[in-house]
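Residues per chain are reported as follows:
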Amino acid sequence: MGRYVARRLLQMIPVFFGTTLLIFLMVYSLPGDPVAGLFGDKGASPATIAEIRHKLGLDQPILKQYWDYISGIVFHFDFGTQIRNDRPVTEVLGDAFPVTIQLAALAFAFELVFGLTLGIVAGLRAGRMADNAILIFTLLIISIPVFVLGFLIKMVFAFQLGWIEPNVSNDQLLSEMIAPAIVLGGLSLAYVARLTRTSMAENLRADYMRTAVAKGLPKRRIIGVHLMRNSMIPVVTFLGTDIGALMGGAVVTEGIFNVKGVGGLIYESITRREGSTLVGLVTVLVVVYLITSLLIDLLYAVLDPRIRYA
Amino acid sequence: MRGAKSAKWVTGAIIVALAATACGGGKSDGAGDAKGAVDPNGIFSIELGEPEKPLYTGDTMESNGSAVMAGLFSTLVDYKADGSLEMINAESVTTTDSKTWTVKLKPGWTFHDGTPVTAKSYVDAWNWNANVKNAMGLSSWFADIKGFEKLSPEGEGAKPTADKLDGLKVVDENTFTIELAKAVPYFGHKLAYIVFAPLPEAFYKDTKAAGQKPIGNGPYKFKSWDHKKQIEIVRYDDYKGPNKAKNGGVVFKNYTTLEAAYEDLKSGNVDVLRQLAPKDLPVYRQDLGDRAVDQAYSAIQTVAVAFYADQWSKPKQVDPKVIQGLSMAIDRATITKTVLQGTREPATGWVAKGVLGYQPNAVDVTKFDPAKAKELIKAGGGVPGNKISIQFNADGGHKEWVDAVCNSITQSTGVACTGDGKPDFQADLQARKNKQVKSFYRSGWVLDYPVNANFISDLFRTGAAGNQGGFSNKELDAKIAKADSAPTLEESVKEFQAIEKDLVNYMPSIPLWYYKVNAGYSEKVSGVAYGQDGDPILTGVEVHK
Chain W
2 MGRYVARRLL QMIPVFFGTT LLIFLMVYSL PGDPVAGLFG DKGASPATIA
52 EIRHKLGLDQ PILKQYWDYI SGIVFHFDFG TQIRNDRPVT EVLGDAFPVT
102 IQLAALAFAF ELVFGLTLGI VAGLRAGRMA DNAILIFTLL IISIPVFVLG
152 FLIKMVFAFQ LGWIEPNVSN DQLLSEMIAP AIVLGGLSLA YVARLTRTSM
202 AENLRADYMR TAVAKGLPKR RIIGVHLMRN SMIPVVTFLG TDIGALMGGA
252 VVTEGIFNVK GVGGLIYESI TRREGSTLVG LVTVLVVVYL ITSLLIDLLY
302 AVLDPRIRYA
Chain Z
50 MRGAKSAKWV TGAIIVALAA TACGGGKSDG AGDAKGAVDP NGIFSIELGE
100 PEKPLYTGDT MESNGSAVMA GLFSTLVDYK ADGSLEMINA ESVTTTDSKT
150 WTVKLKPGWT FHDGTPVTAK SYVDAWNWNA NVKNAMGLSS WFADIKGFEK
200 LSPEGEGAKP TADKLDGLKV VDENTFTIEL AKAVPYFGHK LAYIVFAPLP
250 EAFYKDTKAA GQKPIGNGPY KFKSWDHKKQ IEIVRYDDYK GPNKAKNGGV
300 VFKNYTTLEA AYEDLKSGNV DVLRQLAPKD LPVYRQDLGD RAVDQAYSAI
350 QTVAVAFYAD QWSKPKQVDP KVIQGLSMAI DRATITKTVL QGTREPATGW
400 VAKGVLGYQP NAVDVTKFDP AKAKELIKAG GGVPGNKISI QFNADGGHKE
450 WVDAVCNSIT QSTGVACTGD GKPDFQADLQ ARKNKQVKSF YRSGWVLDYP
500 VNANFISDLF RTGAAGNQGG FSNKELDAKI AKADSAPTLE ESVKEFQAIE
550 KDLVNYMPSI PLWYYKVNAG YSEKVSGVAY GQDGDPILTG VEVHK
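Chains W and Z supply the protein sequences, listed in that same order. The numbering used here puts the first sequence at residues 2 to 311. The numbering used here puts the second sequence at residues 50 to 594.
Hints listed in this document are in silico derivations from the structure and should not be mistaken for laboratory results. C-beta: ideal position from N, C-alpha, C; glycine also. Treat each hint with caution, since some may be false.
Footprint (simulated), chain Z over chain W, 3 or more residues, beta carbon under 8 Å [stated by the list, open to error]:
hint	region
1	166-176
2	236-245
Pairs of lysine to aspartate or glutamate, EDC-like flavour, derived with a Cα cap of 20 Å [stated by the list, open to error]:
hint	chain 1	residue 1	chain 2	residue 2
3	Z	K277	W	D34
4	Z	K278	W	E166
5	Z	K484	W	D34
6	Z	K278	W	E203
Here are a few chain Z residues that sit away from chain W, every Cβ distance over 10 Å (derived from the structure) [claimed, not checked]:
hint	residue
7	I92
8	P103
9	S115
10	A309
11	Q335
12	D368
13	N410
14	K416
15	D444
16	E524
When you get a sec, could you build the whole thing from the sequences and use the hints?
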């Protein structure tokens with residue numbers, strides 16, 4: 002077990018360098034020059050542009066730039082500075098991540114609690130009324146685009162009923178995060194419910210379930226331990242990868258509810274060719290993905306005692 | 050099947066909900082009149098994006114930063130709605146030959162840190178901003194001043210050989226002279242621009258900090274900048290200028306989308322907007338009543354010709370008649386009304402409204418006349434290949450009108466026309482810079498200073514920074530040079546007016562329409578007016594209790 006974890010942690014190192022290099026090269030090869038972009042229609046003197054490029058180190062060869070950048074991160078935890086506004090990227094990330102983590106955590110809790118509950122109810126009553134109702138409900142959620150859902154929630158709860166403020170204010174209160182979290186977690190909720198339902202309905206017919214019933218175990222133990230543990234494996238896999246998606250992929254939701262988080266920052270960094278910010282963001286997200294996938298793999302062993310790590 | 054029905058029901062509900070809010074908004078208009086008394090210390094909020102760069106006077110060239118800087122700094126002069134000058138920090142700006150200018154300052158002004166504003170504050174600031182070592186984006190604004198080439202030599206990588214502009218001389222505490230390399234009759238108008246603002250001694254001690262916490266001489270002083278959230282400025286009580294703030298301060302609030310800002314305006318969380326999202330344009334007049342703003346400002350949208358493109362340059366330079374024909378094939382009136390929802394006004398020349406020297410109906414090639422359009426194109430030898438394309442950036446909301454312009458051209462003349470969308474502004478600019486535009490490209494211009502020269506000399510002169518289509522004509526260059534060096538401002542303006550009329554014979558670009566401010570404000574504020582650059586004038590806003 003310990004060796005397994007160590008090996009997985011070591012594997013993260015090449016993945017870390019590989020992804021950062023790839024993203025770095027991708028940003029570099031995008032058409033458009035971030036420095037010329039500062040000037041727009043009005044243009045600027047070549048001397049000024051050259052001076053800015055020099056100050057930012059953009060006149061160095063690409064691999065040298067990558068080396069400077071990565072050594073800054075590894076040795077000093079310095080992600081460089083932004084091209085446009087001279088702000089340290091660490092500070093920019095420090096502004097964006099807390100609110101995103103808050104939002105993602107709320108959304109995750111929402112999809113976990115409601116998704117699992119709906120899935121378990123549907124799975125245990127497969128083929129019956131409740132199952133069908135949940136099927137239709139999840140289908141509806143999956144088929145509504147996120148911005149429509151966001152718009153509807155604002156329309157009804159903010160403007161018609163006046164229960165909530167339409168947008169997240171600059172104080173970023175937790176209570177203001179509930180609406181965006183529901184919108185953000187809604188889609189995953191539907192997937193979690195469906196995955197749980199299918200997996201449970203299938204395992205209900207498994208041999209070990211029949212054995213458990215034949216042994217005369219109490220129903221709570223059969224469902225709670227024998228059925229749930231085995232049925233959770235695909236759900237946990239999904240939930241694990243979803244954490245990263247909730248953090249990095251909330252561009253639309255963040256935009257609708259005026260949340261200044263990671264999603265919007267990624268979008269802005271791409272349009273402005275802010276290489277250092279973008280790579281910094283992706284690096285953090287990659288680390289999040291790597292750690293969650295390791296945790297999931299370890300969870301498998303807890304859930305299914307047949308799995309052993311060498 | 051059940052899913053499909055539900056979806057329809059949902060759409061129905063949205064439409065009903067929309068209708069309901071529209072009514073609700075309409076009713077509340079009457080209540081807007083019942084305002085409380087004016088609170089001279091009241092603070093109002095305004096929608097504003099995160100400034101792209103640190104707040105330097107020499108580097109603030111986009112509208113978000115400019116709006117803040119306009120509150121923090123006062124320049125020597127400012128211009129009024131008719132384009133004439135008003136003295137702000139200057140007592141007088143005089144010249145006899147448009148080459149040597151004498152500036153006298155109003156005495157007793159202070160920066161927000163209490164140090165006095167002197168002639169030296171100006172001269173040092175300009176020297177610093179002009180120096181290429183400091184890489185200020187607006188440094189080329191000092192190119193008129195004698196000795197600029199020593200501070201900012203041409204060519205990449207060249208090093209400056211001096212750190213002071215030869216043309217600037219401090220005479221006494223409150224007087225300095227500016228000697229230009231050659232006569233520039235409208236130089237006085239340029240002085241209104243933020244790059245010519247003074248800087249306090251404290252600036253040079255820590256320039257990096259100054260970009261985050263600027264110390265100015267304007268009607269407001271800086272309070273705080275919470276990045277990507279808000280910027281706060283408060284009234285500077287020792288301000289001596291004529292435009293003293295009628296409110297206690299301003300909070301600039303950042304929004305992720307314009308839709309979100311508009312919702313916050315309706316719920317009273319923000320007081321003044323600068324622009325609206327397309328989604329809200331059809332309803333904002335009903336929603337806001339007399340608090341809806343619809344006002345022209347000095348900016349123009351054009352479709353510029355990429356003269357270096359094979360289509361126009363080979364085998365011979367295109368006949369301007371062809372471009373004239375294409376221009377007359379565009380139904381501007383209909384497009385501005387429908388596709389652009391009344392947010393633009395058809396252009397009738399190359400110089401935007403509100404600028405000194407603007408002449409209504411300057412040219413008639415902007416009239417929609419399909420028959421004449423066909424005739425002109427035929428007379429000019431036809432469009433090479435009988436097809437054109439218009440390059441635009443797909444992230445700026447331009448696609449809709451580019452398509453409409455193309456349809457209009459194809460319908461009236463039979464010339465095939467397609468939009469050539471680049472994914473974003475950066476890619477669009479790159480293509481322009483590398484001379485890869487195949488036919489036409491979208492181009493916009495907001496005034497830098499309110500003189501018609503800005504819309505002609507800075508765009509169509511050979512080698513001008515704004516001339517990205519490779520347009521070059523010796524005859525026109527000579528005329529521009531003559532107008533640029535006219536002895537007085539009036540004569541220069543007049544000559545540029547003649548040049549504008551003459552531009553139809555060169556057709557460096559096709560004027561499309563002038564921009565308008567479509568915005569609104571809350572019931573809490575009054576006296577909201579928008580300047581020629583499209584930004585709200587902060588000092589005039591009154592806050593009600």
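Against the structure, the hints:
1. 166-176: holds (count 5)
2. 236-245: violated (count 0)
3. Z:K277 / W:D34: Judged against 20 Å, a Cα distance of about 23 Å means the pair is violated.
4. Z:K278 / W:E166: With a Cα-Cα distance of about 17 Å, the restraint between K278 of chain Z and E166 of chain W holds, given a limit of 20 Å.
5. Z:K484 / W:D34: holds, 14 Å
6. Z:K278 / W:E203: violated, 50 Å
7. I92: holds, 14 Å
8. P103: At about 5 Å from chain W, P103 of chain Z fails to clear the 10 Å cut-off, so the statement is violated.
9. S115: holds, 13 Å
10. A309: For A309 of chain Z, whose nearest Cβ neighbour in chain W is about 4 Å away, the distance does not exceed 10 Å, so it is violated.
11. Q335: Q335 of chain Z clear of chain W: closest Cβ-Cβ about 15 Å, beyond 10 Å.
12. D368: holds, 27 Å
13. N410: holds, 26 Å
14. K416: Since the minimum Cβ distance to chain W is about 26 Å, K416 of chain Z lies beyond 10 Å and the statement holds.
15. D444: violated, 6 Å
16. E524: holds, 24 Å
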